[in-house]
Amino acid sequence: MTDSILLPLPAAVAVHLRLYVTSGSARSQVAESNLRRLPGADSPEWRLEVIDLRLHPELAAQDQIIAIPTLVRALPKPTLRIVGDLSDSRRVLRCLGLVASAVPVTPGA
Amino acid sequence: MPVTIKKTPTGIDGLDEVLLGGVPAGRITLVCGSAGCGKSLMALQFLSHGALHCQEPGVLVSFEESAPACIANGASIGIHLQELLDQQLLVIDQVEPAAGAEFIGEYDLEGLFVRLDHAISKVHARRVVLDTPEALVGARWEPALVRSEFHRLFSALRQRGVTALVTGEQGIRALTRFGLEEYIADCVISLRQEVNLGSMSRLLQIVKYRGSSHGTNVYPFLIGDEGFSVSPITSLNLDYPAPSERISSGVEDLDDLFGASPAERGIFRGSTVLISGSVGSGKSSLAAAWTEALANAGKRVLYMSFEESPAQIIRNMRSINIQLAPLVERRLLEIRSLRPSALGLEAHLSAMKAECVALEPDLVVVDPLTAFQEFGPQLQARSLLARYFDFLKLRSITGIFLALLDPEEGNHSAVSSLIDTWIHLAFHAAHGERNRLLTVLKSRGTPCSNQQREFELSSQGIRLLPTYRGADGLVTGTARAVQEHRDREEAMRLRDAVSAQQGRLARQRALMEAQLEVTRATLQDGVDDLVAELRRTESTLASFGSGQTVAAQHRSMGSRVEVVAPSPPLPTEPTS
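Protein chains in written order, with the numbering used here: chain A, 4 to 112; chain B, 869 to 1444.
Calculated directly from the structure, the hints in this document are not laboratory data.
Don't take each hint at face value.
[Stated by the list, open to error] In silico SDA-like cross-links for lysine to any residue, where the CA-CA straight-line distance does not exceed 25 Å:
hint	chain 1	residue 1	chain 2	residue 2
1	B	990	A	57
2	B	990	A	80
3	A	80	B	1008
4	A	80	B	934
5	B	990	A	27
6	A	80	B	968
7	A	80	B	1007
8	B	990	A	66
9	A	80	B	970
10	B	990	A	49
11	A	80	B	973
12	B	990	A	59
13	A	80	B	945
14	B	990	A	65
15	B	874	A	26
16	A	80	B	1085
17	A	80	B	962
Being a predicted model, the structure only gives us computed values, none of them experimental.
Work out the full structure: start from the sequences and follow the hints.
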């Protein structure tokens, strides 16, 4: 869990993912660990945020969250959403447009 | 023992009466119907009423429309959601179900729960509207999951004790597309639209109300610029004022039909008058005469015609010496002409109400009422009328409605119960003519005449003639003129006969009296002769020197004869 959502992002960040969860939900925990296990998740170019809607309920409406868990790809643009516990990491990477080599798909890469 | 459940008023005109108080408090009511049938507007009114009048702030979770769109929808029926938002009496949360998501793995709709919870806490909401949550099913969400989550959502709402209204789209074989009614069993209201001969009317029915009885009919409802209103025809508020002031019809003799004394002439101000009659019977002319009389007395008249243009009405009425043009110029008369089919039922009602509010007329003429049948089925048309009559009554505006109908044919109890005075114009056909007859069929609160009158339209204006009954029954028109002439001659003949007989009687009397005089004179002469003879005889007898006593007896006898003989036939005076 982090409260860093309000901090400005370092310019180096190429992948910014926000995971919306509710504390105390097993499915949320599964999603969070699935997210953190994604290849490249520990890369300094990645920024992962886990937002607990129990603590920030106002963000649910603001970010149009209906389901829990929901992963939002804030960067690269455009914004994408993945609903579910992210149990299929291959599909997750494909949906996020990130190849299995854990390197962001950017024109310069 | 029946358990009375607590109810929450919706604030919707008429609906609370049908629901016998409102929707179940702390429970969920499903409002279902097809697109555009008014579900959302009903929900908005429910929220607005709670926030403004019941200290019950609300939450609107909109699954289909954005907050600005909801605010605009509300404004169209006079609900100002922005004000409620500003006063922290309302939260609008738009849920975008199809926000371009991918689905990987398991999920639930906890996000929605969090949002709803947050919104409820923010304004301490007591009322919640979910408009239309089924939109989620339409998006790419797992239907089975959405269903089970709905179930959980509704339980959560009940647990929070908020009164909720959930809208649902009409299904093909079920009340809602996804069977929401299976979860929301407390109260189900169904709305629908019917198009009849090109006119749309709206209908409402309470399908189910657990723990409470309710009106079971199909009720027409209207969505006007003052909101959503349901017409439970049988329970219109009968609490309008009853002015005792009378107003003249402009037709002298007609006023007399409502009462004999000067104070009783004419109809009551604010009453509802129906003028019925067949084609060309003079309904419009009578209404125009009424219009002219009132406007000339300084009253304002609104004449709504569904058949003729203002210019045509003015021209036609001029032919019977009813001058409307100067009244229009003096702004005492407004003539509005419109096609009945140009607007739907509710649009008409709103338009007529708006005209009345703008013009503040003393009299409204609707020519003809029967045009309303074109609006839709009788039930709706009648409900529209009832509402309009009520509207006029509450403002003490006199209403004159013209109708092409025959009171002898069909059942008019529906219309009749709504009106105060019913004047019928009929034709009486005989002797190759059709002449007009006027009858006051009823007039509440007046000792109205039972007499039929002949109703005459001429270049002089309108005239009522007393009915004429000849040996062959009622006669009108030329036959009436012929009969009148015949009767005049007969009267003259009789008058002549009477004077002739009177002359004969006088002559006879004179003759008899003369004869009587002669007889009397003859009698007197005879008596005088006899008395003279008696005197002579007595004196002769006295000269014979008889006794005194005898002579006295004879004298008294003689005087008795004298008294009796000439007595004329005078009335005897009372003795003693």
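**Asked** What hints, given by number in increasing order, does this structure fail?
**Response** 2, 10, 13, 15, 16
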